[in-house]
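Peer 1: One line per chain: the protein sequences are A and B, in this order.
When we follow my numbering, the leftmost residue of the first sequence carries the number 111, and every step to the right adds one.
When we follow my numbering, the leftmost residue of the second sequence carries the number 9, and every step to the right adds one.
Don't read these hints as lab results, they were simulated from the structure.
Where hints are given, some of them may not hold.
[Claimed, not checked] Here are some chain A residues the structure puts well away from chain B; computed CB gaps all over 12 Å:
#, residue
1, Ala226
2, Glu239
3, Gly241
4, Leu306
5, Leu354
6, Arg372
[What the hints assert, rightly or not] Cβ-Cβ distance ranges computed for the label pairs, FRET-style:
#, chain 1, residue 1, chain 2, residue 2, range
7, A, Ser380, B, Pro208, 34 to 40 Å
8, A, Ala244, B, Gln335, 35 to 41 Å
9, B, Thr337, A, Thr112, 54 to 60 Å
10, A, Leu265, B, Ser249, 45 to 51 Å
[Stated by the list, open to error] Looking from chain B toward chain A, a few residues come up when the C-beta cut is under 10 Å (computed):
#, residue
11, Gly74
12, Tyr182
13, Leu307
14, Ala356
Computed from a predicted model, the values in this text were never measured in an experiment.
Glycine residues also receive a C-beta, built at the ideal position from the N, C-alpha and C atoms.
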Amino acid sequence: MTAVEAFLASGVRFSTPILLAALGCLPTRWTRDLNVGLEGAMLFGAFSGVVTGYHFGSAAAAVLATAVIGAAAGLGFGALITRLRASAFVVGTALNVLAAGATVYLLRSWFGVKGAFSSPQIPALPTLELGFLARIPLLGPVLSGQTPLTYASWLLVGFVAWASRHSVLVRHLKASGEHPEALRVAGGNVTRARILAQVWCFALCGLAGVQLSLGQLTLFTEGMTSGLGFVALAVVIFCRGSALLLTGMSAAFGLTSALSVRLDSSVLPSQFAQMLPYLVAFVGLVVLSRRSRAPETRMLTPTLED
Amino acid sequence: MTGTDRAAAPPTEDSAGRPKLPTLIGAACRSCFAVVLAVVLALVLIRLRGFAPVPTMLAGLSYAVGDLPSVARTLAWGLPLLVAALGVAQGFRGGMFNIGAEGQVYLGALAAAVVGAYVGPLLSGLHLLLCLAAAALAGGAIAGGLGWLRAHWGVDEVLSTLLSNYLLILLCAYLANGPLRDPTRQSGSTRTVHDTAMFPVILPRTELTAGLFLVVGLAGFAWWLSERSVAGYRWRMTGASPGFAAAVGFDVARGRIACMAVSGALCGLGGALLVMTSQGRFWTEIGTGIGWDAVLLALVGRARPVGVILWAAGYCVMRASARGVEQATGIPAELSSVLIAVIIIAAAARNGMFALATDRLRRWGAPLAGSGR
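Chain A with its partners taken away, still in its complex shape (with noise of 0.2 Å):
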């Protein structure tokens, strides 16, 4: 394997939970109801993976468990934020802080370990090795040897972007967030479609979390998501609403954080390489508003005069 192989490689191992947690929070994008809760729920999926590996010793359990745990906490993050009139960005911004203060309480209190938790009994999920994809040069690496929730992103994205083109469901998401008034008179049902757009997030940020706890390592450690849930925001708020402009960004930002990590610190201090997916974004976010004129980029914000 050359060096840009096993950069590519490592670049796509990187754009993976990125790439889960935007496509995640994409239909939440649509419903208008941006969920900025994406680092904390993949804290709690990376937290959940390794705790449910570690209880049923097999990885494929693990992923199960969180994608269910995920879904069933999306059902509670939307019958908020619909029945009880929550503001989603007060909500997100409380989750983020409740995952990381929650998974340290829980660490401490199940593992009694502080900062890191490994164990022998925490699978991995395994690697898929394509046979003879893996002797394309260059592309060999890239398509083979990952983990099978970097193959059901890929399909997912496929998934998504033939949806958002044909299925009434997505016009249902879209339309509880544009006009909702719409929907409820041609007879969709307006919380559904905003609560089924949050346990789909839920469910995928918590798949997310499993590939960098499981997939990447094989433990955990306090705050492992380190921002990446931020990075995922920015790429849902760049994308535009399209499912392949999506990957594309993910991708870009999987290779700019591999860059980072393969950067010699003779070369760049280490702490810029660290810097360089959110100069990446921040750069983006600078450019994009500039050159647009409308205000899409803008998130939604609660009013707090209540």
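With chain A held as given, fit chain B onto it using these hints.
Peer 2: Chain B only, in chain A's frame:
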């Protein structure tokens, strides 16, 4: 414009108006609801760990506010957080969601530590002033710059401040590990500041310093600025309705920049207080989480200075109690972060919950009357 506006739109609730529990008890219920929920949750969590809930909690409380030294310790810990929370609230009030408090706190702390260590020793008062000015300038410049981007280029400040957190924290980490590192220490930490850059202790044998007076002054200033001053009025108008503000002739762009700059300056001062009241130097994890706590406090206090001060006081007691509980029982002190997050969520959902409850009650009372849904 926002998700909340639309969420409040369903016709049943609009025609029925805001949910009204007619009595004073109802109002008190509503404001205490989140706190009661948190207390119950804390009791349950303590019970789950196998300890007697009420005595444990009382032990924690007495660790937090049991005697004068405890009160001083709790208060001293809360001062930087309060200043940062007031800063975030100042921004929120002007419609600028400055959630980059974490990064601004770090930068302010670093600026104060650098001026404290490399300038001087000077006359104490002057040195304190210089350090504070450096921190306020650093925080204010960053936030003001992001405010400028928002005002003139339409760069969403929520996302830009969010990303600036990571950039600033990494920048500070680089400086503390590289050019500004104290060679006599192992990890990323700057040189210890001169004694003249530290606030003097005002209560012997405690950590409570004269920083308290500064914080009281800043709190008063923040209240005056956002509730009573002309500038604050304009910022509020800008936040509530930019179109209206522009139509009556306020300079919206300038208001936004100034509002962000003040917000960032206060966050920077919060960081400076971390260094100048207790730590005495900058190190790479000096303020972990303070900025996010400040954002939550500003949200739950609805960005009003008085509300923020009350919630900050409550949170400090909570946090100190959690530490006391940890010492007594080994239950992790992160309990307090869990509780504050739950309080925020409960407070955000409170009105909706009461609306739903009163709606149900009304339907039971008059089965045919409320069938608008």
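Peer 1: Decide, hint by hint, whether the structure agrees.
Peer 2: Status of the hints after comparison with the structure:
1. Ala226: A/Ala226 is indeed farther than 12 Å from all Cβ atoms of chain B, at 15 Å.
2. Glu239: holds (35 Å)
3. Gly241: holds (40 Å)
4. Leu306: Non-interface label stands for A/Leu306: nearest chain B Cβ at 16 Å, farther than 12 Å.
5. Leu354: Fine: 22 Å to the nearest Cβ keeps A/Leu354 off the interface.
6. Arg372: holds (17 Å)
7. A/Ser380 x B/Pro208: 34 to 40 Å: holds (39 Å)
8. A/Ala244 x B/Gln335: 35 to 41 Å: Since A/Ala244 and B/Gln335 have Cβ atoms about 55 Å apart, the given range 35 to 41 Å is violated.
9. B/Thr337 x A/Thr112: 54 to 60 Å: For A/Thr112 against B/Thr337, whose Cβ atoms are near 56 Å apart, the range 54 to 60 Å holds.
10. A/Leu265 x B/Ser249: 45 to 51 Å: holds (46 Å)
11. Gly74: violated (24 Å)
12. Tyr182: holds (4 Å)
13. Leu307: holds (5 Å)
14. Ala356: Holds - the Cβ of B/Ala356 comes within 10 Å of chain A, reaching about 4 Å at its closest.
Hints 8, 11, counting from the list given before, are not met by this structure.
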